[in-house]
Each structure stands twice: as C-alpha cells, then as structure tokens.
Amino acid sequence: MSKSKVNWPAVALIAPAVIILLAVGIYPLLFALDVSFRQYQLTKLYLGTDYVGFQNYIAVFNDALFWQSLGRTAQFFVLTVPAQIVFGVLIALFIDGMRWRALSFLMRVLLVIPIAITPTVVGLVGRLLFNRDFGFINYLLSLVGVPPVSWLGEPLPAMVTIALVDIWQWTPFVALVMISGLSLISQEVLESGKLDAGGGWNLFWHVQAPYLLPGLTAVLILRTADILKLFDMVFVLTRGGPGVSTELVSVYIQRVGFRIFDMGVASAQAILLLILCIVLARGYIRLFYREVEA
Amino acid sequence: MSVAPQARSVRSARSKRHLFTHLWQGAVALLLLVAFLLPVYWMVTTALKTTADTFAVPPVLIFQPTFEHFRVVYEEGSVAKSLVNSLIVATSATLLSVLIGAPAAYVLARFQFRGKADLWFWIITNRFISPIVVALPFFLIARDLRILDKHIALILVYLTFGIPLVVWLCVDQFRAVPREVDEAATVDGANLWQVFFRINLPLAMPGIVVSAILAFIASWNELMFALVLTRAEARTAPVEAANFMTGFGIRWGPMMATGTLIVLPVLIFALLVSRNLVRGLTMGAVK
Chain R
142 MSKSKVNWPA VALIAPAVII LLAVGIYPLL FALDVSFRQY QLTKLYLGTD
192 YVGFQNYIAV FNDALFWQSL GRTAQFFVLT VPAQIVFGVL IALFIDGMRW
242 RALSFLMRVL LVIPIAITPT VVGLVGRLLF NRDFGFINYL LSLVGVPPVS
292 WLGEPLPAMV TIALVDIWQW TPFVALVMIS GLSLISQEVL ESGKLDAGGG
342 WNLFWHVQAP YLLPGLTAVL ILRTADILKL FDMVFVLTRG GPGVSTELVS
392 VYIQRVGFRI FDMGVASAQA ILLLILCIVL ARGYIRLFYR EVEA
Chain X
7 MSVAPQARSV RSARSKRHLF THLWQGAVAL LLLVAFLLPV YWMVTTALKT
57 TADTFAVPPV LIFQPTFEHF RVVYEEGSVA KSLVNSLIVA TSATLLSVLI
107 GAPAAYVLAR FQFRGKADLW FWIITNRFIS PIVVALPFFL IARDLRILDK
157 HIALILVYLT FGIPLVVWLC VDQFRAVPRE VDEAATVDGA NLWQVFFRIN
207 LPLAMPGIVV SAILAFIASW NELMFALVLT RAEARTAPVE AANFMTGFGI
257 RWGPMMATGT LIVLPVLIFA LLVSRNLVRG LTMGAVK
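Taken in sequence, the protein lines are chains R and X. Per this note's numbering, the very first residue in the first sequence carries number 142; after that it's consecutive. Per this note's numbering, the very first residue in the second sequence carries number 7; after that it's consecutive.
These are computed hints drawn from the structure, not numbers from a lab. Be aware that a few hints might be false.
Claimed, not checked - Okay, the calculated bits of chain X under chain R, using three or more residues with CB under 8 angstroms as the criterion:
{"hint": "1", "segment": "57 to 66"}
{"hint": "2", "segment": "142 to 151"}
{"hint": "3", "segment": "189 to 201"}
{"hint": "4", "segment": "259 to 266"}
Note that CB positions come from ideal geometry on N, CA and C, so glycine has one too.
Starting from the given sequences, assemble the full structure and let the hints guide the process.
This is the structure in structure tokens:
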C-alpha cells in the first residue's frame, strides 16, 4: 500500500478483524486496568465503585496468598517441565530413529491425542485414576506392595498428582516439537556425524542436540505461559485444594474474582499477570519472528 | 565356493539383528502408546461398565458393556443441552473467526502498511495471555450488556483466540500462493475482492480448513470463560462436566459417559489435523 493512496478494498478486508480485536481483545484489558484502580466488590456494590488509587495493588503486594500462588506455580513448573523435556527428547529420539516407518508414523499421529483432549475431561479422568479406594494408580502401586496413597486428600500428593497429569498431557507436545527439529537433520549430516562422532551420546550431543535448541527454547517459553494460564485441569481435579495446596496463580485469581467477588483486587492481580505474559510474548517474538520486530 | 555360505550367514545375522531391532522398538512403542492412551481407554471403559464393575478392585478388564450410563445422561437432558450449546458456540465462533480472520490474513500476507507490526504483536501475544485476565473484565462488560448466560457472550470472547489462530495459520497459506497469480488476475481486470474471493480463497482452502478445525477444538475445550459467563441456559459441555464434581456422591458412570461424548469430536478432528497441531500451538515457530 503506497503512502499517498489508501487501498480501500484492502482496508475493508482487514478492518473487521481490527475492529473486533479492539472490541473484544483490547477494550476488556483497558476495562480491567480501570477496575484495578477502583473499589469493586460485587457483593457490596452499595459501597460504590470509586477510584482508590493504588490501594488494590498495595493489597496485592501485601497478599501472601498471591505470592504463594506464584511460588506454587513456579514449583509446578520445576516439577513438570524438566520431566517433559527429558521424556519428550527421549521419545523424539526413539521415534525419529525407528526402523518401522509405519509404526513411527502411527506414533506421531496418536501422540496428538493427549494434547488435544479437553483438559476438563482430563481432570475428571484424573479423579478416577487417582482415586484412593479404587483408582488404577493405587492398584498398580499395590502390586509392588505400596499402601494406598490419598492422592487428592493431602497437599504434597495433590501437587504431585496435578504435576503427573500435566506431564502426561504435555510430554507428547514436547516430543512432537523435538521430532520436527530432528527431521531437519539431513541424511548426509547424520551419516557423516555417525562416522565422526560414533553413535550414542556423542552423536546426540554433537550432531542432533543443536537441531533441538530452537524447539527447546519455544517449549520453555510456551510451557511457562501455559502454566501461568493453567486453570481447567487443576480446577476440576483439585479445586486448588486441599486447602490452597494446588492453587496455581490463575486458579487463585479466579477464586478472588468469582468466589470472593473482589473484582478490584482480582483485576490488579490480572494486570500484573498480564505484564508477565507480555514479557514472555516479547521474548518469544524476539526469538522466533525477526521480521515482526523489524 | 566358501564365499557364498559366509555371505549368507552374514546376511542372516544382519536380518536377525533387524528382527531384534524391530522387536524391541515395537515393544517400546507399545509401552508408550499404552501409557499415553490408557486414560482415554479407562474413561471409555468406565462409561461402559456397570457401577459395581467401576468400584471393583482389582479392576475388571473383561466385562459386559452397558449403555446404561449413556442412556441416563441422555434422559436427564442437561448434558445433551450443554453439548448442543457447545456445538452452537464453537461452530459460530469458528465460522466468525474464519470469516473475519481469513481476509485479514490475506492483507497481512500481501501488503505493507503502518501498524502491521503492532497487529502482528497483538496476534502472537494473544497466545500468551491468561484467560483470567480477559474473563474478569469480560464478565463485568457482559453483565452491563445483559448478555450473561447467552451464547453471544461466549462466541464474542472466543474470537479473542479464534481470530489470532486463523490469521496466523492463514497468512502462511496465502504467502504460499504466488503473487504472479494475483498480478495476472489484476491485469485481466479483476479487483482486489475478486482476486481474494475467487482466486486466493479457493487456493488457500486447505490451510483455512485446518485453522478452522484448530479454532473449533480450542472453543470446544474451553472452560474458564464458559464457567464465568454462563449459568444454566448457555452452559457448555465442559462446565456441565466440571459440575459432576460438586454435590454428594460422584456418579462416575454418567460422568465418564459425558467425558466420552465431549472428547469424541475433538479426537476425530485432532487426528485429522495431527500434522498441523504443533504448528498451531507454537504459532508457527515450530513447523
């Protein structure tokens, strides 16, 4: 589009998207920003919704539960992402090196299932599998003589449960990302690598690992964002409990907003979370979309 | 004379090694498939088991299947209604996302203009924003507009991820259509809209279908917005399913039957677009 002449037909094609995105995407964020500076208790609207300056933000900074929920989210990250990367890379190497082409193809197709399956339903099935009395997990453990674990009834086992479910759901994603990295290695590079480096660890470290690096970076950033977003699976599986032991940050903000009904404080928390999300997105864009930054 | 048998034995040793490789790789593959598909299998079989079989320890692996739970779920009506709601909301959100997103993607693929980088940034950033950030203000706005518990509220909010997804995947698709095609059509007297609708849209259709399927899966699976923006009338299937966890005495059979009904369309769609799922989830950073 030249500077002097506006290409109206093109404007007409893109305008609906811009208008809708402003209306349903940007406007609510500005609205949240506004509410975050107001007193806004849904159950006490008779108090009015006046501006209270930074009071909500001060409340958030002094709110131990908020920082704990962020800390718990970080803990959840440490429990899940390293395991997903290790298993994901191992599975990717295995599938990439498979001799049986048809089976390798089948694996790649079926690995999509955990990723796509409704997280709410994953939470329900988690309730079933991790049930203390008749769950399949405790049955497996009983076979090796472990007494029944109350997975969802106690803080640490509950955290381990949501972590295991997350590892189950997202390891295939990491594996598929890594497979696409490995598939970029040409046969010649691989063959000459085998001659130079031998097989096994050396081949992996000197030939294959460099191809996994971009995927690894993407996985780290996306998993961080997804864990900050994580709500449905945890909400159904533990409701953040027992107590607040599995209350990750999105689950906590949802509780403040929709079970305590303090919209002002919840909005302030959401704005802080938004800033965190934007920082992550910036980093991701820097790394993967050079053309956009230019 | 002595060479031939030797060669044969080398060959048979190699084929034995191949067989061995096949065997252990097949075994590991089977183990992986069991690990990743077992929860789905468990859900479907629990939906088909009698309640007594569900509570059996050790678990019963061979059982007489019953459709009792599906019948109960159907007759109670609220699950069926929520599935219809989900279908209405997800289909509408998907169609709107494609209708609005595909033309925008075409313009982004073909033209340079001011604000383009910002638009890009917003589209990609959306992949990172936690839904709670949008859910809080959207709830208050929907309350003011009196569209709480109506389909339209969910459809609108689902556009916040539907449009970016469609735009992202379709830009790639439109870029793959050679510019010369556009130029030739313009020389023949076609205007931009004709070039887009008559030529580019049909050529980009495979990519558009993939993006529509991914947008549908994301809308169908969504819980947070649906939980916050609906009550009884517009309640979608994930909210209905989550509600099984409240109240006394969990009804495992109907719950798993509901889960099965929710997951079925997602699985079919996901298998159809399996090669594109990772591309969609990483916004194209990983092809």
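Check: Can you list which hints this structure breaks, lowest number first?
Finding: none
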